[in-house]
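A.B. asks: The task is simple: from the sequences and hints, build the whole structure.
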Amino acid sequence: MSGFLEIRGLSARLAGTGQRLLRAVDISLPAGSVRGLVGESGAGKSMIGKAVLGVLPKAVEIVEGEILLDGQDLLKVPPAERRRLIGAKAALIPQDPLTALNPSRRIGPQITDRLVDILGWEKARAASRALEVLAEVSIPEPERVMRLYPHELSGGMRQRILIASAFAAEPKLIVADEPTTALDVTVQKQILKLISALQARHGTALLFVTHDLGVVSKVCDTLSVLYAGKVVEDTTVERFFAAPQHPYSRALLAATPRHTDPAASLQPVPQAVIDAAMAEIAAADAAWSAHG
Amino acid sequence: MTLLRLILERLLTTLITLFGVAVIVFVVIRVVPGNPIAMMLPPGATDADIDRLKALYGLDKSIAQQFLIWFGNVLHGDFGTSITTRQPVLSLVLDRLPATLELSVMALVIAVVIGVTLAILGTRLRGHRAEAGIDVANGIGLSVPDFLWGLALILLFGVIWPVFQISGRVSPRLELPFTSQFYLFESILRLRFDLTADLLSHMFMPALALALPLAAIISQLLKQSLKETVNLDYSVLARTKGYSETRVILSEALPNSILPTLTLVGVQFTFLIGGTIIVERLFSYEGLGNMAIDAVVNRDLPLIQGIVILFAILFTFVNLTVDMTYAVLNPKLRHA
Ligand SMILES: Nc1ncnc2c1ncn2[C@@H]1O[C@H](COP(=O)(O)OP(=O)(O)OP(=O)(O)O)[C@@H](O)[C@H]1O
Ligand SMILES: [Mg+2]
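Keeping their order, the protein sequence lines are chains A and B.
Going by this note's numbering, the first sequence opens with residue 1, and the numbers climb by one from there.
Going by this note's numbering, the second sequence opens with residue 1, and the numbers climb by one from there.
In case anyone wonders, no lab produced these hints; they're calculated from the structure.
Some clues are possibly wrong.
[Claimed, not checked] Here are the simulated DMTMM-like pairs of lysine to aspartate or glutamate, each with C-alpha atoms no more than 20 Å apart in a straight line:
hint, chain 1, residue 1, chain 2, residue 2
1, A, 123, A, 170
2, A, 58, B, 131
3, A, 58, B, 228
Values in this document were obtained by computation on a predicted structure and should not be read as measured data.
C.D. replies: Okay, here's the thing in structure tokens:
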């Protein structure tokens, strides 16, 4: 089965040192489904999201692989065409709403700009669409909010606006990179519910980067567990929680806080598991070097 | 409301600053060696002649007394009489001010155009070899002072390849219909573009000489700021929307990088105005700066005081303008 987003054998490294950041990553995301991307800090979760959206840092180079968006390999189309393609079919819900809105531009244009400049909508149509999505994310007085500057709004409000902006062009794919970690705990749940509801209503495919397995269990259908830039387990959410296959997945699950048994939670990942995972990766790397 | 308060506060500090400047200048030019009276009299004048003239110009009194007299007159709008030309200082100075203002503003415009263009180009081409070229150009711009640029330009466009005028403000043979001293401004208003062309041809090189160091500063600072801004989250988000790199620089990064650069440009602009003194001399441009040098050479104390005070007013006015522009442009202050 081929998904709306198909990442195949994607490998990336740092241009300077040659350090490997992604190791033959395979990810398939059917239209309308939600895939969680979990793993510890530095595992490469954000890197995958950035690769899909064409905003990898200059220092990172893709060595091989394919990123198929709606059947088209993004790595094979010319840059200008790729940007347009991504702008039309995908969107990002960023991590930090405080820094993701331009402080010197009003809210309205920051929602309508993609519609007008990239998709060529009439201004009036874009404005009414913006009002529509703002209402959908429960922003009160959307007409007024459109004229405000970001600093006049709270973090939670700004994240709602960024979510509205992401859904405004009806993208088929949304990448959400830890969209709640920068928010107050009280707001986190609302935002999570909101994203989940909008995703379901619009039938958007969602690549959800997080390191919170609790969130995964609520929002996601499938799950990729990432370790040192390698997908060590690719499974459905039910199977993962019932019977995680990879030792690292089991350790990750064991380290997750559980309300039922606080004493058992927050165990560090055992060194033996890390050693085993690293050995696996070293073997894969050796094979990679051999054929490359 | 905050804007009004800002203006009032700045006016108050401006007055205090000006008073301080007046005191310092008054004292300094009287204690440095050099005697205006001696320069006015023919050789062989007697001590009696000298004393008579000294008394005439009030130079026989103590510095404190002289200052009180001068300051009292200034409060009535009387800046004294030039010793060399025997004309009122105020009208002399105000007559020359427009020439210097036009030159400085022209230089500022050139500096902003060159500086902003180079900064945007350098950011767009970051990592390429062209960026290194722009950095080298900035380095040269920063390390060569305005009067050396003036000499180089005279050589280049005045002597080797004479396309611009190198001396004066306007060609002497021209009939000037102007009623003010703002020649350039007035020539445009009167649609006398032949005169505009002549004025620009005279003004271009001194203005460029003054502009180049400032252009380099603007370019370097703005580029540094832009390079940081294009990696911020909102710039990355704009790229995911489909925007080109150029568009990200112009509409996402530039509005946020202009503000921090602006404050600095204000300070540097006052240096530029200071630079007119030597550059005007170099190009025999009939402005305040040129007159200042004559005044110093002739020890024309009242005129020197008048010019220095006027420059000080100009500087504080520039700073006030910058602060106000900052307040108006900054959305966070606008709504405060
Ligand atoms: N701009 C960059 N230049 C060089 N290396 C980078 C850059 N950004 C990230 N990296 C490296 O790439 C690797 C993967 O980073 P990534 O941001 O994808 O991690 P992550 O899984 O999202 O972690 P986190 O949970 O902390 O967000 C890390 O080792 C990181 O040090
Ligand atoms: Mg991350």
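A.B. asks: Decide, hint by hint, whether the structure agrees.
C.D. replies: Evaluation of the provided hints:
Of the pairs offered as hints, the one joining residue 123 of chain A and residue 170 of chain A holds, with about 17 Å between alpha carbons and a cut-off of 20 Å not exceeded. Note on residue 58 of chain A and residue 131 of chain B: the hinted pairing holds, with a Cα-Cα distance of about 16 Å set against a maximum of 20 Å. The hinted pair formed by residue 58 of chain A and residue 228 of chain B meets the criterion: a straight-line CA distance of about 14 Å does not exceed 20 Å.
Of the numbered hints stated above, none is contradicted by the structure.
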